[in-house]
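Visitor: As they're listed, the protein sequences go chains V and H.
The letter at position 101 of the first sequence is residue 101 when you use the numbering used here, and the numbering goes up by one with no holes.
The letter at position 310 of the second sequence is residue 310 when you use the numbering used here, and the numbering goes up by one with no holes.
Calculated from the structure, these hints are not laboratory results.
Incorrect hints may appear among the rest.
[To be verified] Some chain V residues well away from chain H (every beta-carbon gap over 10 angstroms; in silico):
id, residue
1, Asn28
2, Trp86
3, Ile105
4, Met113
5, Lys144
6, Lys152
[Unchecked claim] Covered stretches of chain V, going by a simulated chain H footprint (3 or more residues, C-beta under 8 angstroms):
id, segment
7, 15-22
8, 33-40
Glycine included, each C-beta is placed from N, C-alpha and C at the ideal position.
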Amino acid sequence: MSYIGDIIGGIKTLLNGMKVTGAYFFPNIINRKYVITRQYPDEPAIVFERFKGEVVMWHNENNEHRCTGCQACEIACPNGSIEIIWDRVLNPETGKKVKQIDQHIYHLGMCTMCNLCIQACPTNAIMWSTNFHNSTYDRSQLTKVLNRPGSKLMAGVEE
Amino acid sequence: MILTHINYFADLINYFSNTLGWGFGGKILGYVIIALIYMTFFSVAGLLLVYLERRVAAFFQLRLGPNRVGPWGLLQTIADALKLLTKELFGTDRKDNLLYHSAYYIVIIASLMALSAIPFSKGLVAFDVNIGVFFISAISSVGVLSILLGGWGSNNKYSMIGGMRSGLQMISYELSSGLAILTIVLMAGTLSMTGIVEQQRDMIFLLKGHIPALIAFIIFVIAGTAESNRTPFDLPEGEAELGAGYHTEYSGMGFAWFFLAEFINMFIISAVGVTLFFGGWLAPFGITDGLGPEWAWGLFWFFLKVFLMIFLLMWFRWTFPRLRIDQLLTLEWKYLLPIGLLNIIIMAVFVYFGLIL
Chain V
1 MSYIGDIIGG IKTLLNGMKV TGAYFFPNII NRKYVITRQY PDEPAIVFER
51 FKGEVVMWHN ENNEHRCTGC QACEIACPNG SIEIIWDRVL NPETGKKVKQ
101 IDQHIYHLGM CTMCNLCIQA CPTNAIMWST NFHNSTYDRS QLTKVLNRPG
151 SKLMAGVEE
Chain H
1 MILTHINYFA DLINYFSNTL GWGFGGKILG YVIIALIYMT FFSVAGLLLV
51 YLERRVAAFF QLRLGPNRVG PWGLLQTIAD ALKLLTKELF GTDRKDNLLY
101 HSAYYIVIIA SLMALSAIPF SKGLVAFDVN IGVFFISAIS SVGVLSILLG
151 GWGSNNKYSM IGGMRSGLQM ISYELSSGLA ILTIVLMAGT LSMTGIVEQQ
201 RDMIFLLKGH IPALIAFIIF VIAGTAESNR TPFDLPEGEA ELGAGYHTEY
251 SGMGFAWFFL AEFINMFIIS AVGVTLFFGG WLAPFGITDG LGPEWAWGLF
301 WFFLKVFLMI FLLMWFRWTF PRLRIDQLLT LEWKYLLPIG LLNIIIMAVF
351 VYFGLIL
């Protein structure tokens, strides 16, 4: 009779479901190693390599960067987060005037992490950092200068 | 039936009114003290159950749950209650003020009255009436009223749908739980809660009544879950469809009372279930008889059994998906009610021919 069969089948599936959740609950209450929660300020956060935290400029140990000041990133940026202050400086060896950046200004507060500037960069000067501790008490602190003071262009980038 | 049981609450009132000779004033003082004990129990147990629910839910989902405020997060719900106390009470425009505000008083009153008839231990029952089981099932129907009033008074269509669903559900399932209770009453031959407990001294009713008692227990648990509006029967709240159902438009303590009363209702369902099927505050197989005061051991066993029953309800909540409204009614009217009616006949036959153990 399907009426009684339905009831027995129903109870069987309910018990089956309870077995599944019970298999989560009881090991978890005995041993906490199954817990997937990470208590962030106490334990280090797991950040993925490809996480887009903020744009940074790569510098080597001699305080040299790879930015030629071509402004491709500034043009590519859809909301004007990047401003580059640059100047032409005479190269004493070749006698030509060469573009050189003074300040690569990055407005983190306006950035939408769209990745267009990094795709546009011909010399791979800027890249993503996984740092996500970006909150500040004052919004002016979100405007950052990416090139370090006193840094200069790495040799051999422009060729 | 003449009640000759020990009752510590009655002794307290007697002490104030007769032994100290304060007469009627002493009686009032005794009542106030008992009321305060029950109210304290209401809020403390409610907060503890909310904490327990969150913690158990977390363990089911491989999380940690509240663990920051106080040791193991025990003070988390107290902090939440303090936050809710400081919140502004505001409702919708053109709400029905009388119904809207009386709803949460009724829900507390219904829960407290039902609590008063539950024997917590030997002699620890405030309202030891000889129709205790009947009284509790009658009072828990009053709880429906508060939900209907809250849904209606809010002047919000979602609240009203939630309230109506709740009324539908609770009145339907009241029948099944009533039949399950009647099955046990048939076996016990009394409606008194203390009388039912005393009859289980040799063997708990779940074993004594074997097959019909087991069916009654299953029906009671299902109907009880539905009556306390918990998942898988939480259609009145139905977060996905109705916001929060009947308590959508309540804020601050108005919401908190509904929330606490919901958990206290779960406690009451579990306590009634434990009293009817598992021998209430009696020690299983009398293992602690003669070791210290009976009322203290009674409290321990009662709360242990109730905790296990509540854990079962929580297990249901975090396992089963929510029912659709037609499935809900099919379950009640096509399955639980006929089986319950049949079961009561089986039990009557068993009792008549002395087939119970």
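Visitor: Against each hint, give a clear statement of whether it holds in the structure.
Guide: Hints and how they fare:
Not every Cβ of chain H is farther than 10 angstroms from the Cβ of Asn28(V); the closest lies at roughly 5 angstroms, contradicting the non-interface assignment. At the 10 angstroms boundary, the C-beta of Trp86(V) stays outside the reach of chain H, the nearest C-beta of that chain being 50 angstroms off. Here Ile105(V) stays apart from chain H, with its beta-carbon at least about 40 angstroms from theirs, past the 10 angstroms limit. Every Cβ of chain H is farther than 10 angstroms from the Cβ of Met113(V); the closest lies at roughly 29 angstroms, confirming the non-interface assignment.
Consistency note on Lys144(V): stated as away from chain H, and its beta-carbon is indeed over 10 angstroms from all of that chain's, at 33 angstroms minimum. With 10 angstroms as the threshold on Cβ separation, the claim that Lys152(V) sits away from chain H holds: the shortest Cβ distance comes to roughly 49 angstroms. Given a C-beta distance limit of less than 8 angstroms, the hint that chain H covers the segment 15-22 of chain V holds, as 5 residues qualify and 3 suffice. Only residues whose C-beta sits within less than 8 angstroms of a C-beta in chain H count toward coverage, and the segment 33-40 of chain V has 5 of them, enough to reach three; the restraint holds.
In terms of the numbered hints stated before, the structure departs from hint 1 and from no other.
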